[in-house]
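*Asks:* What follows is the residue order along each chain.
2 protein chains.
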Amino acid sequence: MHAKYLVLREGAVASYIPELERVAPDQFGIALATVDGHIYDFGDSGSPFSIQSISKPLIYGLALQDRGRDAVLAKIGVEPSGDAFNAILFDERTNRPFNSMVNTGAIAATSLVCGRDAAERLARILDFLRALCGRPAEIDEAVYLSERATGHRNRAIAYLELNNGMIQGDIEAHLDLYFRQCSVLTTAVDLAFIAATLAKGGVHPVTDERALAAEHVRDVLSVMTTCGMYDYAGEWELRVGLPAKSGVGGGIMAVLPGQLGIGVFSPRLDEHGNSYRGIRVCEELSTRLQLHLLNYRGRTRSALRRTYFGSDMPAKRVRHVAARARLEAHAAAIAVFEFHGNLFFGSTEQAVRRILHRVETRYLIFDLARVTSVDAVAAKLLRELCERLVASGRTARFTGVADEVRERLGLDPSVFAPSAESALEDSEEMLLQSLAGPERNPPAEVPLEEFELVADLDLQELRILSGFLMKETFAAGETMVKEGDPAESLYFVVSGSVDVCLARDHHETRTRLACVDAGNVIGELALLSDRRRTADVIAATMVSARVLAAADVSSIARSHPRIHAKLIAAVGESLSERLRRANAVIASLMR
Amino acid sequence: MHAKYLVLREGAVASYIPELERVAPDQFGIALATVDGHIYDFGDSGSPFSIQSISKPLIYGLALQDRGRDAVLAKIGVEPSGDAFNAILFDERTNRPFNSMVNTGAIAATSLVCGRDAAERLARILDFLRALCGRPAEIDEAVYLSERATGHRNRAIAYLELNNGMIQGDIEAHLDLYFRQCSVLTTAVDLAFIAATLAKGGVHPVTDERALAAEHVRDVLSVMTTCGMYDYAGEWELRVGLPAKSGVGGGIMAVLPGQLGIGVFSPRLDEHGNSYRGIRVCEELSTRLQLHLLNYRGRTRSALRRTYFGSDMPAKRVRHVAARARLEAHAAAIAVFEFHGNLFFGSTEQAVRRILHRVETRYLIFDLARVTSVDAVAAKLLRELCERLVASGRTARFTGVADEVRERLGLDPSVFAPSAESALEDSEEMLLQSLAGPERNPPAEVPLEEFELVADLDLQELRILSGFLMKETFAAGETMVKEGDPAESLYFVVSGSVDVCLARDHHETRTRLACVDAGNVIGELALLSDRRRTADVIAATMVSARVLAAADVSSIARSHPRIHAKLIAAVGESLSERLRRANAVIASLMR
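Chain order of the listed sequences is A and B.
Numbering of the first sequence is given in our numbering, commencing with residue 6 and proceeding in unit increments.
Numbering of the second sequence is given in our numbering, commencing with residue 6 and proceeding in unit increments.
Incorrect hints may have been included.
One copy or any two copies: either way a pair holds, since identical chains are not told apart in the list.
[Claimed, not checked] In silico DSSO-like pairs for lysine-lysine, Cα to Cα no more than 30 angstroms straight-line:
hint, residue 1, residue 2
1, Lys571, Lys487
2, Lys476, Lys487
3, Lys571, Lys385
4, Lys9, Lys476
5, Lys487, Lys385
6, Lys9, Lys385
7, Lys9, Lys321
8, Lys487, Lys321
None of these hints come from the bench; they were simulated from the model.
This is chain A alone, in the form it adopts within the complex (with noise of 0.2 angstroms):
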């Protein structure tokens, strides 16, 4: 593109101002940033040029910034004129200039930049345009000394405006603001990154500062929609489709909200006093990139990145196998809603019909630690809906909340789970309570008829075994089997919970794997080899269980070969339902 339009010659640079003229009017350079901070540029992207009428929606967003939206709204209009840029032309129905894109609006949003004096305000006005660009602003003083030096037409306007009560205060300083406002150097990537921190609700891609809050970006990017490119605005809107604004420097600056931004400059004008080439480079840059807002990009998607069951992907607690098979009939009344994305009405309101719908579902949890924004209202659809499932006696925890979210969604705090596996760990506890029933209290120990290892061994062998089993207690947090020791021993918990953990960076951090409850094995492979230990496991509460040491194993097999093999089988059993289990949750995690 640089090279197909660098051969125009059409246009004459700017005149008005001799510095203006002075311009080598072949320059030419083009940049595109991404809202993620990346920039591609090409030709003379790095050039500086005075900024002029690009500065007029800047300014009009500090303005924004300093009074609040009514106030300005108060002063300055937001309807396109159909008049040239320095026409001296106003609403006589309000009062007001038509638009801040106008010579006359744009005086009038510079003088409503706070600050205790002319210095002051300068300064804000630099630090401005510096976080939204991520450099620091400077001025072109030969520029500024011409357009002060001839500036007699806007000199009219402010003293036009003075009179007719529509600004206040000191013009001479307004005015002498607005000439060095309009004198800011500036580049191609420059103004590429301006209009990156647009598209990206006034946080700068790079830097991440703020410079501007989301509320008058748009405020400003609907002015430059309608007002930025004058009497070329229906024309722009067609061919090019994104909030612009153009400079008589050469530059424009074009916006694409959450994606990128433009920055095109070329000296030579057109007759509507926008850069040729930068017209045009916009154009071919919206059709080949297809980059008009109002381009059908497909249909918004709910924001539910996936759904899975209690009965899918059970926690990582392993119980009693009396509990087990009742969360096996009864957990898919546990749900887990994983969001992602950007959550606004569309993609919300979507997500909490179809959440709404699973009426079957009595535990929801709703998993947010994809999800990278959440807008007022998805935070109230949201709340409603938290509100909604609790009033109809259901239980609904959230968990991955970002802190300035959990805020946005004033839930009671209750409602928030660290985890998810936290939280589908509850669900279960409490599914299983509403199960059991008031009366049923567990026993204190879990009898060893009741371990699945021993399930296929009658009365007798049951008391042939327990005659080798030793009991043993141990603390909470106490190590019952290291990582890396000898497979000497396994343990019929009966009483207490364990968890298996894993020991990462030298011991300092454990991960847990998983947490066993009474009626479990642990360390039952030492059934099937003298292999070594391939985890940690630590008592989470007092835990009582009943040892058998693989020496027994041994003598076993030789006296008692049946049982032996009863306990062989069932280890196979219990590992290839452990592999069954595993490749069910890989096969619903695929979907």
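Since the structure of chain A is provided, determine the placement of chain B on it from the hints.
*Replies:* Structure of chain B alone, referenced to chain A:
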């Protein structure tokens, strides 16, 4: 909102034709339709009224479809005029009506609708409105007759346009069509659905019928943005920020592209000719639901949903142990890039940039199964990515690609794989071949000592075990093991490969769980217990196997307990290793 604004009695119904004056002035309906076809509505949302000027952008769309963009632009401008909707003013510079939202341009648009005769043109207009709204369009005869009888000003406009050479043909027929199109009956719900169809790029959200090409929808929405609300355009853009159109019948239609459509009906009009309550409802809806098109909804995310590597998640083919070891060392060179959602410049450029960053990845698989749309630019980016990878000696595969996307990508058919699983397996195969070098020919049969199951046996023990093994061969397609049968033997696969399958739906279809190569053992659980087979095993090629009968396992246990113990330990090792890998896959999928 309905209750809040129902009490407002400001404004008056349109009075330029008697029929409109007879409308009950306090009717009030609100409707919102989502792009997935859900409707929210309240009040008189089903009450019919004449569509009037809301037909203008729609028929403009039909003209674009019938004549093409350039032909229509040659006849009708796109600049806001700042004048009243019925002004008799033209853009003198170009000898065109200013835009298609004022009567001059709207009549010109109607004149461009194709058809052999007036009846066919009317039928096409009505059918087009039916497709947009999802139910048959019907004309209010009384309104039509009233329009026709009193439409002198529009008649004057049409004849002036004929005089100026702006329109051609039978003027009375054009006018008659125009009066009829304005008299079509609609409701707030209809308008919401028409708007939702425009929001969905021209496809009706419920019927799924395409009413208008997406490129024409974009142009229609562009003109609505700059010219849709007459001289309220700037204020509307600031406060509502949605492409919209109002009609003197009391309707307002507003579009949030990609998300939803709004229809409001309340006949009293304000001084701009817009529905008094309608404007207020739209403003409040936009504010409360944050619908402004330029609202910041978070930055566009990369279209990459997840990336995983051959090392995290190997293919389901269980290879010879040596191949497995080589893959484990090198499979990080294989990556699967899962895309999702809508692929356009902003989402795809980020993804492509990240992918190009992974220079160490040699085999790249692009899984598009979760992608909902791919525009022309995204297709080009993916095509260029693929070409670039291939040029640098890397391998790219696409999977999960819809037919129309496949065409749009325009890539060689060889890059498309039927599934991520098969692409992964192929990539592993290519990787192994690149590692093996040309001289290494695999042996015809894998020798017994290379099987992991017997890795701990010494030569003497191996010879003893060999004595128990029976040679068996299977033809390709032959069933070696049947689900549900007793597990009476295990198979050392010494050549060929087998599929492990689950029969589904009464054996009509099979799901392949895994493919197992020579060098692996099938049915090793028979060593631990006599449980039944859990899957079918089918010879994928001609297979040669060494079979160990369960009965012989018992003999070995008695006569050679050390060999038996080593085999048992190896099965335990293998199962727990598979479990460890499955858990690693789960952990990687949960990220």
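*Asks:* Are the hints correct? Go through all of them and say.
*Replies:* Results of checking the hints against the structure:
no.: 1; hint: Lys571 x Lys487; verdict: both (27 angstroms within a copy, 24 angstroms between copies)
no.: 2; hint: Lys476 x Lys487; verdict: within (19 angstroms within a copy, 44 angstroms between copies)
no.: 3; hint: Lys571 x Lys385; verdict: neither (58 angstroms within a copy, 62 angstroms between copies)
no.: 4; hint: Lys9 x Lys476; verdict: neither (87 angstroms within a copy, 74 angstroms between copies)
no.: 5; hint: Lys487 x Lys385; verdict: neither (49 angstroms within a copy, 55 angstroms between copies)
no.: 6; hint: Lys9 x Lys385; verdict: between (51 angstroms within a copy, 21 angstroms between copies)
no.: 7; hint: Lys9 x Lys321; verdict: neither (62 angstroms within a copy, 52 angstroms between copies)
no.: 8; hint: Lys487 x Lys321; verdict: within (20 angstroms within a copy, 33 angstroms between copies)
In summary, the structure is inconsistent with hints 3, 4, 5 and 7 from the numbered list given earlier, while agreeing with the others.
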